[in-house]
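2 protein chains.
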Amino acid sequence: MPRKLVVLTQGFARKLNAKTASSLLRYRPKQVVAVLDDQEAGQTAQEVFGVGGDIPIVPSLDDVKGADTLLIGIATPGGKLPEAMRAIILDAIGRGMNVESGLHQFLCDDPEIQAAAVKAGVTLNDVRKNNERDVSQRNDINDTCLRIQTVGHDCSVGKMVVAIELSEALKKAGRDAKFVATGQTGIMIEGSGIPIDCVVADFINGACEKLVLQNQHHEIMVVEGQASLVQPRYSSVTLGLYHGCVPHGLVMCYEMGRGQVYGMDHLPIPPLKDIMRVYEQTADHLYPCKIIGVAMNTKNTRDDTAVEAERQRLKDELGLPVCDVIRHGPDELVEATLKLQKELRQQGRLK
Amino acid sequence: MPRKLVVLTQGFARKLNAKTASSLLRYRPKQVVAVLDDQEAGQTAQEVFGVGGDIPIVPSLDDVKGADTLLIGIATPGGKLPEAMRAIILDAIGRGMNVESGLHQFLCDDPEIQAAAVKAGVTLNDVRKNNERDVSQRNDINDTCLRIQTVGHDCSVGKMVVAIELSEALKKAGRDAKFVATGQTGIMIEGSGIPIDCVVADFINGACEKLVLQNQHHEIMVVEGQASLVQPRYSSVTLGLYHGCVPHGLVMCYEMGRGQVYGMDHLPIPPLKDIMRVYEQTADHLYPCKIIGVAMNTKNTRDDTAVEAERQRLKDELGLPVCDVIRHGPDELVEATLKLQKELRQQGRLK
Numbered sequence: 126m127p128r129k130l131v132v133l134t135q136g137f138a139r140k141l142n143a144k145t146a147s148s149l150l151r152y153r154p155k156q157v158v159a160v161l162d163d164q165e166a167g168q169t170a171q172e173v174f175g176v177g178g179d180i181p182i183v184p185s186l187d188d189v190k191g192a193d194t195l196l197i198g199i200a201t202p203g204g205k206l207p208e209a210m211r212a213i214i215l216d217a218i219g220r221g222m223n224v225e226s227g228l229h230q231f232l233c234d235d236p237e238i239q240a241a242a243v244k245a246g247v248t249l250n251d252v253r254k255n256n257e258r259d260v261s262q263r264n265d266i267n268d269t270c271l272r273i274q275t276v277g278h279d280c281s282v283g284k285m286v287v288a289i290e291l292s293e294a295l296k297k298a299g300r301d302a303k304f305v306a307t308g309q310t311g312i313m314i315e316g317s318g319i320p321i322d323c324v325v326a327d328f329i330n331g332a333c334e335k336l337v338l339q340n341q342h343h344e345i346m347v348v349e350g351q352a353s354l355v356q357p358r359y360s361s362v363t364l365g366l367y368h369g370c371v372p373h374g375l376v377m378c379y380e381m382g383r384g385q386v387y388g389m390d391h392l393p394i395p396p397l398k399d400i401m402r403v404y405e406q407t408a409d410h411l412y413p414c415k416i417i418g419v420a421m422n423t424k425n426t427r428d429d430t431a432v433e434a435e436r437q438r439l440k441d442e443l444g445l446p447v448c449d450v451i452r453h454g455p456d457e458l459v460e461a462t463l464k465l466q467k468e469l470r471q472q473g474r475l476k
Numbered sequence: 126m127p128r129k130l131v132v133l134t135q136g137f138a139r140k141l142n143a144k145t146a147s148s149l150l151r152y153r154p155k156q157v158v159a160v161l162d163d164q165e166a167g168q169t170a171q172e173v174f175g176v177g178g179d180i181p182i183v184p185s186l187d188d189v190k191g192a193d194t195l196l197i198g199i200a201t202p203g204g205k206l207p208e209a210m211r212a213i214i215l216d217a218i219g220r221g222m223n224v225e226s227g228l229h230q231f232l233c234d235d236p237e238i239q240a241a242a243v244k245a246g247v248t249l250n251d252v253r254k255n256n257e258r259d260v261s262q263r264n265d266i267n268d269t270c271l272r273i274q275t276v277g278h279d280c281s282v283g284k285m286v287v288a289i290e291l292s293e294a295l296k297k298a299g300r301d302a303k304f305v306a307t308g309q310t311g312i313m314i315e316g317s318g319i320p321i322d323c324v325v326a327d328f329i330n331g332a333c334e335k336l337v338l339q340n341q342h343h344e345i346m347v348v349e350g351q352a353s354l355v356q357p358r359y360s361s362v363t364l365g366l367y368h369g370c371v372p373h374g375l376v377m378c379y380e381m382g383r384g385q386v387y388g389m390d391h392l393p394i395p396p397l398k399d400i401m402r403v404y405e406q407t408a409d410h411l412y413p414c415k416i417i418g419v420a421m422n423t424k425n426t427r428d429d430t431a432v433e434a435e436r437q438r439l440k441d442e443l444g445l446p447v448c449d450v451i452r453h454g455p456d457e458l459v460e461a462t463l464k465l466q467k468e469l470r471q472q473g474r475l476k
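Quick mapping for you: the protein sequence lines, in order, are chains L and G.
Heads up, the working numbering is the position in the first sequence plus 125, with the first residue counted as 1.
Heads up, the working numbering is the position in the second sequence plus 125, with the first residue counted as 1.
The hints are simulated quantities; they were obtained by calculation from the structure and are not laboratory data.
Treat the hints loosely; a few may be bogus.
To be verified - If you anchor each label on the Cβ, the simulated ranges turn out as follows:
#	chain 1	residue 1	chain 2	residue 2	range
1	L	476	G	428	43 to 51 Å
2	L	476	G	460	52 to 60 Å
3	L	433	G	460	50 to 58 Å
4	L	339	G	259	30 to 38 Å
5	L	476	G	264	48 to 56 Å
Unchecked claim - Among chain G residues calculated to face chain L with C-beta under 10 Å, some are:
#	residue
6	202
7	325
8	352
9	354
10	359
11	360
12	365
13	367
14	369
15	392
16	399
17	400
18	401
19	403
Bear in mind the structure is a predicted one, so any value in this text is a computation, not a measurement.
Even glycine gets a Cβ: it sits at the ideal position worked out from N, Cα and C.
Take the sequences, apply the hints, and build the full model.
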């Protein structure tokens, strides 16, 4: 039975870090009974998040019927629980609801919340909690599955969305494609995956290799990327994912108009072309990898003419397909993926 | 009071992963009462490890007097406790000794060992245990401290030894230099540092930045590197350390004759020159960084002529100082460090 969710954003609905909420609304709307946020109450999800249709935003759990799980719908830098959410979580537990969280600060390590959950007999599901302890072996990676990974120029630019849209479009084209989740929101949507950014450092690459081994019976895997090789805070996660999954091809994701690092406004992001070069140069020497296309994120741009101008400029500059998977659809990236598969088969790198 | 150590290697003395033991013997011999290893018993530390002089290797704790701490002297891949060591650890605890370990598998999480320690009233010191939860800010890095980092072509090539030898030599030359430990053995020697390879992924870069902030009142810091950007298992740790510490200069460490990846004999290591290029290209774009010298590790080579030939060949090829800090001393690297300091001051990047 799918869970019946109340998605909690409480004051964060219009901030970038409500991406967990908006992704659940986009990909699992049937599971969402309501969004809880007293600052946006009375509106619909569609009005605030641009997705989710008529799902109501409510001010209190009193206004919700038939939900069984409270899901924390935000991702804070450092993964800390905003104190404003504590009372709501305790309220939900008191009403017999389970609580699901993707924060680094685990609910089950919080004495007050843990005690309340035990007393109420409900489950705390900390999606990032893991005990990964395997190192890479590089013995059993097969040569039948095409491995595509999304990468980015920064955090929160849509790497998960692009990976989901691309894998869904490949399925519609009759291919056996699999979205491989590597972050808490992706795992909440897909129901499987490893929260790579919460794995102990020495085991990041190994955990990613395990994802490859678990999923390589598919024809094509599309692995959700994390952060960026040029992200000052999280670049280690990105490289571990890159070397652990040893993809054949990358889709470069970027947000139109973003010039400064997410959460670090004093730091400029390097030019896209430079970043793309760093990615290709940093591939494992035994697994050469190239960028097959660019995914624009244009959600903050209303000006269609500007979007199309930038799209054309990038196509000319890079000689690659460029699209926003939401605005334009992912067809160009599907083509690029199948073209790479064909090339690698001709070269004998893929069977 | 410095601790009085029995260093446990039990069957691992002649393997590469006894590097914790050999480093303690090299840098803290006065603290080591004995080495415990029944397969090497009767010999001296010097005979087995090439360092440690007359420190005896004993078959049992019965043969040791006056020690207060058992120190696990090995680093296993994955950081697991060899089962053969369990009985010895319990024996030591029963004798009232503390136990110090740098393994990933924490002693304090082992019910049997933890219970025995509580009963005996002794301390378990898991050096890798940490709760790092800070992300990088890039706000407070100063422009007075020169940051040097050792990097490598693989694991276990001497990055810690080179960092210690270089910082000690800089001190002898009258400079205010500081060795900054980032691994369990370095921390055991220096008494401070952060075990970077055991930090949760999202906080690796931040933990490394913290080391910079804690130590940048010195004129020069020499940061112990970890693994390698081309190490299939641990490259994520390397990049986090690199972007977290944003060094001005790197010392490239490699082991003469090593062609295959440590612990992964089926994988070749790329050519040194290619690896050096990857390091320079992967530097943060706001903190350009260059390799200032090469540290050879020639401990497995008895042939002096071959060593000197390779040294000269590399000097010619790379146009950089090249030395083995143990065999030749670190003077060339001291010169290269001071030359970089002068250059950066002329460019205005350092005050």
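Note to self: Output the indices of the hints that this structure fails to meet, ascending.
What the structure shows: 18
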